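> Got chain A sorted already, so can you dock chain B onto it with the hints?
Chain by chain, the residues:
Protein chains: 2
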Amino acid sequence: MPEESRVLDIEALESAIENLDIEVFQSTAEDLHYADLASVFQDLEDDEARSFFTKNINLASFPQVLAELPDALIEETLQRFDESSQREILRKLIDDDRADVLQDVSPEARQHYLAMLKPEQQETTRSLMRYDEDTAGGRMTTHAARISLGTTAKSALEILRKYKDSTQSLARIYVVDDQGRLKGKTRLRELAFTPWDTLVDDIMDEADLSILASTDQEEAAQMFSKYDMTLLPVIDEYDHLLGVITHDDVLEIIEEESTEDIEKMSGIAGEQSEQTYLNTSVATHFKRRFPWLLILALLAISSGYVMLRFEHILSHIYLLALYLPMVVAAGGNTGGQAATMVIRAMSLGELEAGSTSKVITKELILGIILGAILGCCIALITLFILPIFDPPLPEGVPLTTFALAVSIALGAQITTSTLSGALLPLGARAIKLDPAVVAAPAITTLVDISGMVIYFTAAQAILPAVV
Amino acid sequence: MPEESRVLDIEALESAIENLDIEVFQSTAEDLHYADLASVFQDLEDDEARSFFTKNINLASFPQVLAELPDALIEETLQRFDESSQREILRKLIDDDRADVLQDVSPEARQHYLAMLKPEQQETTRSLMRYDEDTAGGRMTTHAARISLGTTAKSALEILRKYKDSTQSLARIYVVDDQGRLKGKTRLRELAFTPWDTLVDDIMDEADLSILASTDQEEAAQMFSKYDMTLLPVIDEYDHLLGVITHDDVLEIIEEESTEDIEKMSGIAGEQSEQTYLNTSVATHFKRRFPWLLILALLAISSGYVMLRFEHILSHIYLLALYLPMVVAAGGNTGGQAATMVIRAMSLGELEAGSTSKVITKELILGIILGAILGCCIALITLFILPIFDPPLPEGVPLTTFALAVSIALGAQITTSTLSGALLPLGARAIKLDPAVVAAPAITTLVDISGMVIYFTAAQAILPAVV
Numbered sequence: 000m001p002e003e004s005r006v007l008d009i010e011a012l013e014s015a016i017e018n019l020d021i022e023v024f025q026s027t028a029e030d031l032h033y034a035d036l037a038s039v040f041q042d043l044e045d046d047e048a049r050s051f052f053t054k055n056i057n058l059a060s061f062p063q064v065l066a067e068l069p070d071a072l073i074e075e076t077l078q079r080f081d082e083s084s085q086r087e088i089l090r091k092l093i094d095d096d097r098a099d100v101l102q103d104v105s106p107e108a109r110q111h112y113l114a115m116l117k118p119e120q121q122e123t124t125r126s127l128m129r130y131d132e133d134t135a136g137g138r139m140t141t142h143a144a145r146i147s148l149g150t151t152a153k154s155a156l157e158i159l160r161k162y163k164d165s166t167q168s169l170a171r172i173y174v175v176d177d178q179g180r181l182k183g184k185t186r187l188r189e190l191a192f193t194p195w196d197t198l199v200d201d202i203m204d205e206a207d208l209s210i211l212a213s214t215d216q217e218e219a220a221q222m223f224s225k226y227d228m229t230l231l232p233v234i235d236e237y238d239h240l241l242g243v244i245t246h247d248d249v250l251e252i253i254e255e256e257s258t259e260d261i262e263k264m265s266g267i268a269g270e271q272s273e274q275t276y277l278n279t280s281v282a283t284h285f286k287r288r289f290p291w292l293l294i295l296a297l298l299a300i301s302s303g304y305v306m307l308r309f310e311h312i313l314s315h316i317y318l319l320a321l322y323l324p325m326v327v328a329a330g331g332n333t334g335g336q337a338a339t340m341v342i343r344a345m346s347l348g349e350l351e352a353g354s355t356s357k358v359i360t361k362e363l364i365l366g367i368i369l370g371a372i373l374g375c376c377i378a379l380i381t382l383f384i385l386p387i388f389d390p391p392l393p394e395g396v397p398l399t400t401f402a403l404a405v406s407i408a409l410g411a412q413i414t415t416s417t418l419s420g421a422l423l424p425l426g427a428r429a430i431k432l433d434p435a436v437v438a439a440p441a442i443t444t445l446v447d448i449s450g451m452v453i454y455f456t457a458a459q460a461i462l463p464a465v466v
Numbered sequence: 000m001p002e003e004s005r006v007l008d009i010e011a012l013e014s015a016i017e018n019l020d021i022e023v024f025q026s027t028a029e030d031l032h033y034a035d036l037a038s039v040f041q042d043l044e045d046d047e048a049r050s051f052f053t054k055n056i057n058l059a060s061f062p063q064v065l066a067e068l069p070d071a072l073i074e075e076t077l078q079r080f081d082e083s084s085q086r087e088i089l090r091k092l093i094d095d096d097r098a099d100v101l102q103d104v105s106p107e108a109r110q111h112y113l114a115m116l117k118p119e120q121q122e123t124t125r126s127l128m129r130y131d132e133d134t135a136g137g138r139m140t141t142h143a144a145r146i147s148l149g150t151t152a153k154s155a156l157e158i159l160r161k162y163k164d165s166t167q168s169l170a171r172i173y174v175v176d177d178q179g180r181l182k183g184k185t186r187l188r189e190l191a192f193t194p195w196d197t198l199v200d201d202i203m204d205e206a207d208l209s210i211l212a213s214t215d216q217e218e219a220a221q222m223f224s225k226y227d228m229t230l231l232p233v234i235d236e237y238d239h240l241l242g243v244i245t246h247d248d249v250l251e252i253i254e255e256e257s258t259e260d261i262e263k264m265s266g267i268a269g270e271q272s273e274q275t276y277l278n279t280s281v282a283t284h285f286k287r288r289f290p291w292l293l294i295l296a297l298l299a300i301s302s303g304y305v306m307l308r309f310e311h312i313l314s315h316i317y318l319l320a321l322y323l324p325m326v327v328a329a330g331g332n333t334g335g336q337a338a339t340m341v342i343r344a345m346s347l348g349e350l351e352a353g354s355t356s357k358v359i360t361k362e363l364i365l366g367i368i369l370g371a372i373l374g375c376c377i378a379l380i381t382l383f384i385l386p387i388f389d390p391p392l393p394e395g396v397p398l399t400t401f402a403l404a405v406s407i408a409l410g411a412q413i414t415t416s417t418l419s420g421a422l423l424p425l426g427a428r429a430i431k432l433d434p435a436v437v438a439a440p441a442i443t444t445l446v447d448i449s450g451m452v453i454y455f456t457a458a459q460a461i462l463p464a465v466v
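These protein sequences, in sequence, are chains A and B. Going by numbering that gives the first Met the number 0, the first sequence opens with residue 0, and the numbers climb by one from there. Going by numbering that gives the first Met the number 0, the second sequence opens with residue 0, and the numbers climb by one from there.
Hints listed in this document are in silico derivations from the structure and should not be mistaken for laboratory results. The structure displayed is predicted, hence computed values, not measured ones. One thing to keep in mind: the hints can contain errors.
[As the list claims (entries may be wrong)] Result set (DSS-like, lysine-lysine): computed pairs, CA atoms no more than 25 Å apart in a straight line:
1) A/K153 <-> A/K182
2) B/K117 <-> B/K182
3) A/K225 <-> B/K225
4) A/K91 <-> A/K161
5) A/K117 <-> A/K161
6) B/K117 <-> B/K161
7) B/K91 <-> A/K91
8) B/K431 <-> A/K153
9) A/K225 <-> B/K431
10) B/K117 <-> B/K153
11) A/K153 <-> B/K153
12) A/K357 <-> B/K286
13) A/K357 <-> A/K225
14) B/K161 <-> B/K91
15) A/K161 <-> A/K182
16) B/K182 <-> B/K161
17) B/K225 <-> B/K357
18) B/K117 <-> B/K91
19) A/K117 <-> A/K182
20) B/K161 <-> A/K286
21) A/K357 <-> A/K286
22) B/K357 <-> B/K286
23) B/K182 <-> B/K153
24) A/K161 <-> B/K153
[Claimed, not checked] If you want the footprint, here are the derived chain B segments under chain A, 3+ residues with CB under 8 Å:
25) 278 to 289
26) 301 to 307
27) 321 to 327
28) 337 to 347
29) 424 to 435
30) 443 to 449
Even glycine gets a Cβ: it sits at the ideal position worked out from N, Cα and C.
Here chain A stands alone, though its shape is the one from the complex:
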């Protein structure tokens, strides 16, 4: 099994590092994929082990390893090499990886490293760094396979042969006019399997799917995924072909965006870190979790204030305490479900701005049904199971009225919370906030407050002898 032999190789590499055994290290590293090398390197805990790794690794394979490392490790790792090795590594990086690497180091180091590149590499790198890291332009590689209008299949193949190692993917070959404007696309197989004097103009297809360099990376990923693309050409506003986004970029974008959504929805602030959970320091974890915890704690005092205001009701019929946490929490749970559904649908590009009223109708109906059925469940439990425990109801408050008050409160809380859970992300988007930010914890806290009010108000209105 290839899988098992890879695991064995990884273990062999780790023990070679531990024993500082150069020979075993180099021969094992040779056989390993750069992604595996990067994860071994990343997990090394002491300085000596990292130095041993960088000193003995084959420089030819290191650029790809470097590109896989988390942002925070990049600068420190590059500094372990002497100047000539740094030059070799930087020059061998693929252009989009190089731009990413240079964006992760300090401004001084960036100038220093830029100066090590060949002039044309400097130019490409500078132009790639102009785009934000999370735009199509920031993600693209300029290594697109491009040929000009009017080229024959034969000379196209000759041109491509020259570039076969420097071009990231020949899955699509783009045809440009003399201004470099994107005019069409074809495939290596079309060129290879056609008479050699055919003009590319005659076998190319329209390049109908492309994206502006300044567009958000999430949109690029959605397009890629919707249209099952192999490569997505990136253009500027004059249709000039700037580069391509490859499918491994798209996988990264999708994982990043999903992680960001999931984290925001749990009240975790700040940029999703590129580092793994275990590699992230306690301080960083703290910084990302503390702000929302504090805000939500302060908000939650409002719930307590409502409890204080309704003291007379609770002290009169203390049995209400039995269902109070449930009514409050049920709102948080159903609101969280609704919010999740709506936020995820927005992330997947399913909800246009025009579908707001459909969402509201759907969640309102759902809220009413969920509220009615859960309300009935609790009424039945109160009427048939609660009496077994001889509940301390004050005189003059019949069990049926008590059950009615609790059920109505639960139903109302669930209906309004379901609707709020759907409305808050939609509202956030309308005012250009990220919908995921207002999700679960914020919604839970808000509907906790309304739950308290609903519960005590229902009790006050329905139960006799409460003033």
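Positioned in the frame of chain A, the structure of chain B alone reads:
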């Protein structure tokens, strides 16, 4: 802009359907991508519009449209065609799409449709349907480009030329021995740019990355993404090459798995539906949300029971109600954050079984720091802001002691909840449950109960005059 013209085309198509204008419909449909056609079809609301669509669409392009439709629409849509059109559509589907389509129809329809296929198609389809939809085998296509050991570059190109339309991707060409066992891989560019009498044996690379057909699709996606692959070959336990997983499958897998995680973490039950949010019926939404709501509501009654048991404390110092919801909710929030971090790290394959103790240490330290700092914040608020409102503290209970009790309870609740939030998903995985299932709502409800106990116990222990 190509993007804009596509939007215009989609609108033109929609109005052609509305006006039942066959000519405009057919000419516009011609220009549109099958993914766009599928989303237009899916959004048609009445039967007449759907019939118009299926009656006038070009049969040559319909198979790809069908493959993009949500599972629940497949059977009904196929039935709109007469038998000869059904045959044409089914025969033109790519093999993995065909297996998916037939897995989505009733058993009787499946037999009926299988009989329409060519004998060799029947065989491939049956063998693909043997694998679960969510395994590597269930996701693969058998259209892998394969050539035998001992073939020259020239004859390899001739073989591939014949299959150039039926083979999903020529990005990797697999080399097999006479038993069909995977021996190596090469690329079209290597074959095209090498002397024609070169044997593939001499230019092929080792096919070191492959996956067993029975492996879970999530593992396939993780491998694909980790190693930046273009195609992932799928093999059986004897190394026979069965097919390949392409990058568009991987995008789908990753989106599906992320959606599933997100939904489970919000207490939404059941399989992630392939339909969009808006296309999912209220009944289905209800079925997915109700079970957890009910379970959590019943669990939450335990919190109420704790409140009942501690009535004497609350009635003596009712001011405790002011912070009760906050202490309880803070535990839910921090527990949810910890659970999210751990579950996501597990989904991304970052946490091996051996890292449990590292996670526990990290979250324990974080829990203590978060608890201590938030506890101090609340103590300060109680000591310096609360007095402004002249709080109703009973005589004999000094404000400082009250602040101390509340802060200690909050700190303890946050520390234990952070730890529980991390431990529950790890525990779930240890007993082979899906970690995401125990997430946010379940954790919130459990730590709500412990929060009540912690709060009242702290009050009882620290505050004077409470018996």
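> Hint by hint, note whether the structure agrees.
Against the structure, the hints:
1. Distance restraint check for A/K153 and A/K182: the Cα-Cα separation of roughly 19 Å lies within the 25 Å cut-off, and the hinted pair is therefore satisfied.
2. For a cut-off of 25 Å, the pair hint linking B/K117 to B/K182 is broken: about 30 Å separates their Cα positions.
3. The hinted pair formed by A/K225 and B/K225 meets the criterion: a straight-line CA distance of about 22 Å does not exceed 25 Å.
4. Note on A/K91 and A/K161: the hinted pairing holds, with a Cα-Cα distance of about 17 Å set against a maximum of 25 Å.
5. Of the pairs offered as hints, the one joining A/K117 and A/K161 holds, with about 19 Å between alpha carbons and a cut-off of 25 Å not exceeded.
6. In summary, the hint linking B/K117 to B/K161 is supported, as the alpha carbons are separated by about 19 Å, within the 25 Å threshold.
7. Straight-line distance between C-alpha atoms of B/K91 and A/K91 comes to about 45 Å, which puts the hinted pair past the 25 Å bound.
8. A distance of roughly 58 Å separates the Cα atoms of B/K431 and A/K153; the hinted pair therefore is violated under the 25 Å criterion.
9. Under the criterion of a C-alpha separation no larger than 25 Å, the hint pairing A/K225 with B/K431 is inconsistent with the structure, at around 34 Å.
10. At roughly 31 Å between alpha-carbon atoms, B/K117 and B/K153 are farther apart than 25 Å, so this suggested pair is violated.
11. A threshold of 25 Å between alpha carbons decides the hint, and for A/K153 with B/K153 the separation of about 16 Å falls inside it, so the pair holds.
12. Of the supplied pair hints, the one linking A/K357 and B/K286 holds, its CA atoms being roughly 19 Å apart against a limit of 25 Å.
13. With a CA separation close to 23 Å, the supplied pair A/K357 and A/K225 stays within the 25 Å bound.
14. With a C-alpha separation of about 17 Å, the suggested pair B/K161 and B/K91 falls inside the 25 Å cut-off, and the hint holds.
15. Pair hint A/K161 plus A/K182 holds up; C-alpha atoms about 22 Å apart against a cutoff of 25 Å.
16. Restraint check for B/K182 and B/K161: satisfied, since their Cα atoms lie roughly 22 Å apart, inside the 25 Å limit.
17. Restraint check: the Cα-Cα separation between B/K225 and B/K357 comes to about 23 Å, which is no more than 25 Å; the hinted pair holds.
18. Between B/K117 and B/K91, the direct Cα distance comes to roughly 11 Å. Compliance with the 25 Å bound is thereby established for this hinted pair.
19. Distance hint between A/K117 and A/K182 is unfulfilled; the C-alpha atoms sit about 30 Å from each other, more than 25 Å.
20. Taken as a hint, the B/K161 and A/K286 pair is broken in the structure, with Cα atoms around 59 Å apart against an allowance of 25 Å.
21. Taken as a hint, the A/K357 and A/K286 pair is broken in the structure, with Cα atoms around 38 Å apart against an allowance of 25 Å.
22. For the suggested pair B/K357 and B/K286, the alpha carbons sit about 38 Å apart, so the restraint of at most 25 Å is broken.
23. Our distance criterion of 25 Å between C-alpha atoms is met by B/K182 and B/K153, whose separation comes to about 19 Å.
24. With a C-alpha separation of about 20 Å, the suggested pair A/K161 and B/K153 falls inside the 25 Å cut-off, and the hint holds.
25. Coverage of the region 278 to 289 of chain B by chain A holds [criterion: at least 3 residues with CB-CB distance below 8 Å; count 5].
26. With 5 residues carrying a beta carbon less than 8 Å from a beta carbon of chain A, the region 301 to 307 of chain B meets the three-residue requirement, and the given coverage holds.
27. Judged by the Cβ-Cβ criterion of 8 Å, the region 321 to 327 of chain B is covered by chain A as claimed, because 6 of its residues qualify and three suffice.
28. Only residues whose C-beta sits within less than 8 Å of a C-beta in chain A count toward coverage, and the region 337 to 347 of chain B has 7 of them, enough to reach three; the restraint holds.
29. For the region 424 to 435 of chain B, the assignment as covered by chain A is violated, since 0 residues bring a beta-carbon within under 8 Å of that chain's beta-carbons and 3 are needed.
30. Note: the region 443 to 449 of chain B has 3 residues with beta-carbon separation from chain A under 8 Å; the three-residue rule is met and the coverage holds.
In this structure, the earlier hints numbered 2, 7, 8, 9, 10, 19, 20, 21, 22 and 29 are contradicted, and the remaining ones agree with it.
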